[in-house]
Amino acid sequence: MSEMSLSFGGLLAVQRISFDVNNGDVFSIIGPNGAGKSTLINLISRFYDADEGTLQFEGRDITATPPHHIAELGIARTFQNIELFEHETVLQNLLIGKHVYRKTNLVSEFLFTPAVRRQEMAFRKEAEDVIDLLDLQHYRHQVIGNLPYGVRKMVELARALCVKPRLLLLDEPSSGLNPEEKEDLSYWIEDINEELGVTIIMVEHDMNLVLRSSNKVMAMADGRCLAIGLPDDIQSNPEVKRAYLGDF
Amino acid sequence: MEVIQLLISGTSQGCVYGLIALGFVLIYKATEMVNFAQGDIMMLGAFFAFTYISILEFNFFIALAATIVTMAALGALLERTILRSMIGEPPFSVLMLTIGLGFIIRAVAGAIWGNEPRSIPTPYAGGVLSYREVIVGYENIVIILGTLLICGFLFLFFKFSRLGIAMQAVSQNQLAAYYLGVPVKRIYSLVWALSAIISAVAGILIAPVSLISPLMGFIGIKAFAAAIVGGFGSLPGAIIGGLIIGIVEQFAGLYLPTGFSDVSAYVVLLLMLLIRPQGIFASMQQKKV
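Residue numbers (this note's numbering), protein chains in the order written: chain Z, 1 to 248; chain S, 1 to 289.
It is possible that some hints are incorrect.
[Unchecked claim] In silico SDA-like links for lysine to any residue, alpha-carbon gap of 25 Å or less:
#, chain 1, residue 1, chain 2, residue 2
1, Z, Lys103, S, Gly146
2, S, Lys185, Z, Leu55
3, Z, Lys103, S, Ala66
4, S, Lys29, Z, Lys164
5, S, Lys159, Z, His141
6, S, Lys29, Z, Glu128
7, Z, Lys216, Z, Ala227
8, S, Lys29, S, Arg80
9, Z, Lys164, Z, Asp222
10, Z, Lys241, Z, Pro231
11, Z, Lys103, S, Pro183
12, Z, Lys125, Z, Ser108
13, Z, Lys182, Z, Glu83
14, Z, Lys182, Z, Tyr149
15, S, Lys185, Z, His69
[Stated by the list, open to error] Covered stretches of chain Z, going by a simulated chain S footprint (3 or more residues, C-beta under 8 Å):
#, stretch
16, 51–65
17, 75–89
18, 93–99
[Claimed, not checked] If you only want the chain Z side, here are some residues facing chain S, beta carbon under 10 Å, derived:
#, residue
19, Phe47
20, Ile70
21, Val116
22, Glu156
23, Cys162
24, Ala227
25, Ile228
No lab work stands behind these hints, which were simulated from the structure alone.
C-beta atoms are modelled at their ideal positions from N, C-alpha and C, and glycine is treated no differently.
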């Protein structure tokens with residue numbers, strides 16, 4: 001992404017931010033509230049149109065790609081305030097994640113032809129693999145509305161994985177989780193990154209998680225980029241400290 | 001015997017209410033808009049069928065197919081040109097807009113086809129099926145069978161088809177649907193198309209029973225009551241609500257003084273709102289903020 005800006009009315013939410021994320025990176029974006037971190041995720045996932053700047057994914061300009069084509073390109077995301085299909089079960093939520101891979105037509109679907117059946121079985125298998133990875137076996141057939149917050153958060157992550165992304169955008173994955181769940185999450189992020197080879201961009205407040213999981217960190221404040229670098233360098237950067245703690 | 005007779009005619013009338021109610025509910029679930037022009041869209045469907053059958057003299061089934069195609073295109077066009085810009089506007093604005101849209105459709109239909117009632121010739125008109133003292137017109141049987149067929153199709157469509165599942169996804173969570181690759185805006189158009197098709201079929205089914213005129217769309221108000229009785233937001237509820245109102249209406253017509261039949265739909269609605277305001281199949285939930 002290069003030189004991207006976005007303002008809401010008179011508020012400059014993101015000002016001329018540029019960064020590169022390499023294949024296989026876990027890239028964390030940190031900063032105080034209102035720094036523009038979530039806005040950045042929403043820009044990358046094409047929820048917002050940028051006022052200026054360009055966005056590239058795997059060498060391809062996606063500055064004007066509509067948000068429903070994002071999944072097809074291999075980008076999946078989660079949301080700060082969980083966005084699941086509340087009336088459906090965990091499994092159904094995961095299977096909807098396969099939408100872009102469904103290659104059948106109305107007639108064959110109604111007749112439930114062997115091709116449709118094979119496709120459904122393949123999707124179910126892949127969904128089960130994700131369920132195993134994130135330890136969601138107990139919740140497979142439960143309706144989302146009845147699940148605790150932490151589990152929903154994991155279901156959302158699982159659904160994003162069902163899109164088989166090459167780039168995963170996580171918006172505050174650990175918010176609202178208890179310490180034990182946060183611990184699990186840091187292992188899963190590692191697994192997703194290393195075993196599945198997914199590049200991750202996440203917005204996160206929990207510095208432990210950031211330091212443990214990421215290999216590159218960007219600190220933001222007031223819509224501007226303060227510093228980009230290795231996690232430890234960012235943590236000791238004086239400007240970043242000032243943004244968090246004020247002048248002292 | 002009388003009771004059975006009333007049940008059958010009530011069921012067939014109720015099916016029509018139910019189909020129009022389905023149109024309401026489909027649009028509401030997907031786009032959170034209430035389309036008060038639904039009855040008038042049904043009327044338009046009936047007039048297009050009239051045009052294809054009586055004026056252009058198409059074969060009945062070809063005319064049926066042509067009506068479906070025309071109405072699907074018209075439904076999608078209405079959404080794209082008029083209602084798309086209303087996404088996110090207050091419900092009251094949308095309501096006023098669709099009420100106004102209904103007026104325009106009625107006026108245009110009156111200007112094109114005239115205001116006198118007309119009939120659509122059907123291959124099954126006039127025939128009756130009788131068993132002992134129960135006599136049922138073919139047109140009533142066709143209404144019931146047609147409704148069953150549509151319900152069966154919708155069931156399969158929403159349960160097994162990629163598009164049907166995408167529509168449900170949009171109705172439950174638009175944001176999530178976008179990021180799983182569902183083209184939400186295109187789905188809106190398709191929902192309007194589907195809703196217009198169902199309403200048009202309802203118009204064609206009811207034409208042999210009640211004749212067609214630009215004002216026939218007013219039964220949309222009873223269908224709206226049916227949708228609420230069923231639990232606005234539930235597809236089976238729409239049909240069940242329609243059936244209840246259709247049947248109550250028939251019984252009220254025979255056993256109560258003149259005039260009660262016409263208000264019975266609203267009496268049922270009021271009773272329902274008193275006893276179980278969320279409707280039979282409650283699917284409406286309070287939104288969390």
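For each hint, the structure was consulted:
1. For a cut-off of 25 Å, the pair hint linking Lys103/Z to Gly146/S is broken: about 30 Å separates their Cα positions.
2. Of the supplied pair hints, the one linking Lys185/S and Leu55/Z holds, its CA atoms being roughly 23 Å apart against a limit of 25 Å.
3. For the hint pairing Lys103/Z with Ala66/S, the CA-to-CA distance comes to about 28 Å; that exceeds 25 Å, so the pair is violated.
4. Using a Cα cut-off of 25 Å, the hinted pair Lys29/S and Lys164/Z is violated, with the two alpha carbons roughly 29 Å apart.
5. Distance check on the hinted pair: Lys159/S and His141/Z sit about 17 Å apart at the alpha-carbon level, within 25 Å; holds.
6. Only pairs whose Cα atoms come within 25 Å are accepted, and Lys29/S paired with Glu128/Z is rejected, the gap being roughly 30 Å.
7. For a cut-off of 25 Å, the pair hint linking Lys216/Z to Ala227/Z stands: about 11 Å separates their Cα positions.
8. Restraint check for Lys29/S and Arg80/S: satisfied, since their Cα atoms lie roughly 18 Å apart, inside the 25 Å limit.
9. Taking the CA atoms of Lys164/Z and Asp222/Z, the gap is about 34 Å. The hint is violated against a cut of 25 Å.
10. Taking the CA atoms of Lys241/Z and Pro231/Z, the gap is near 13 Å; set against the 25 Å cutoff, the hint holds.
11. Among the hinted pairs, Lys103/Z with Pro183/S is consistent with the structure: their alpha-carbon atoms are about 15 Å apart, no more than 25 Å.
12. For the given pair, Lys125/Z sits about 21 Å from Ser108/Z by alpha-carbon distance, which is consistent with the 25 Å threshold.
13. The hinted pair formed by Lys182/Z and Glu83/Z meets the criterion: a straight-line CA distance of about 20 Å does not exceed 25 Å.
14. Distance restraint check for Lys182/Z and Tyr149/Z: the Cα-Cα separation of roughly 13 Å lies within the 25 Å cut-off, and the hinted pair is therefore satisfied.
15. Between Lys185/S and His69/Z the alpha-carbon distance is near 13 Å, which keeps this suggested pair within the 25 Å criterion.
16. Counting residues of the stretch 51–65 of chain Z whose CB lies closer than 8 Å to any CB of chain S gives 0, so the stated coverage by that chain is violated, three being the minimum.
17. Closer than 8 Å: that is the beta-carbon criterion, and the stretch 75–89 of chain Z has 9 residues meeting it against chain S, so the requirement of 3 holds.
18. Closer than 8 Å: that is the beta-carbon criterion, and the stretch 93–99 of chain Z has 3 residues meeting it against chain S, so the requirement of 3 holds.
19. A hinted interface residue such as Phe47/Z counts as satisfied when its beta carbon comes closer than 10 Å to some beta carbon of chain S; here the least separation is about 8 Å, so the hint holds.
20. Using the Cβ-Cβ criterion of 10 Å, the hint placing Ile70/Z at the interface with chain S is satisfied: the shortest such distance is roughly 6 Å.
21. For the restraint placing Val116/Z at the interface with chain S, the shortest Cβ-Cβ distance is roughly 8 Å, inside the 10 Å limit, so the hint holds.
22. For Glu156/Z, the shortest C-beta to C-beta distance to chain S is roughly 8 Å, which falls under 10 Å, so the interface hint holds.
23. Among the interface hints, the one on Cys162/Z holds; its C-beta lies about 8 Å from the nearest C-beta in chain S, closer than the 10 Å criterion.
24. Taken as an interface hint, Ala227/Z does not check out: its beta carbon lies about 30 Å from the nearest beta carbon of chain S, beyond 10 Å.
25. Hint status for Ile228/Z: violated, given a least beta-carbon distance of 26 Å to chain S, over 10 Å.
Hints 1, 3, 4, 6, 9, 16, 24 and 25, counting from the list given before, are not met by this structure.
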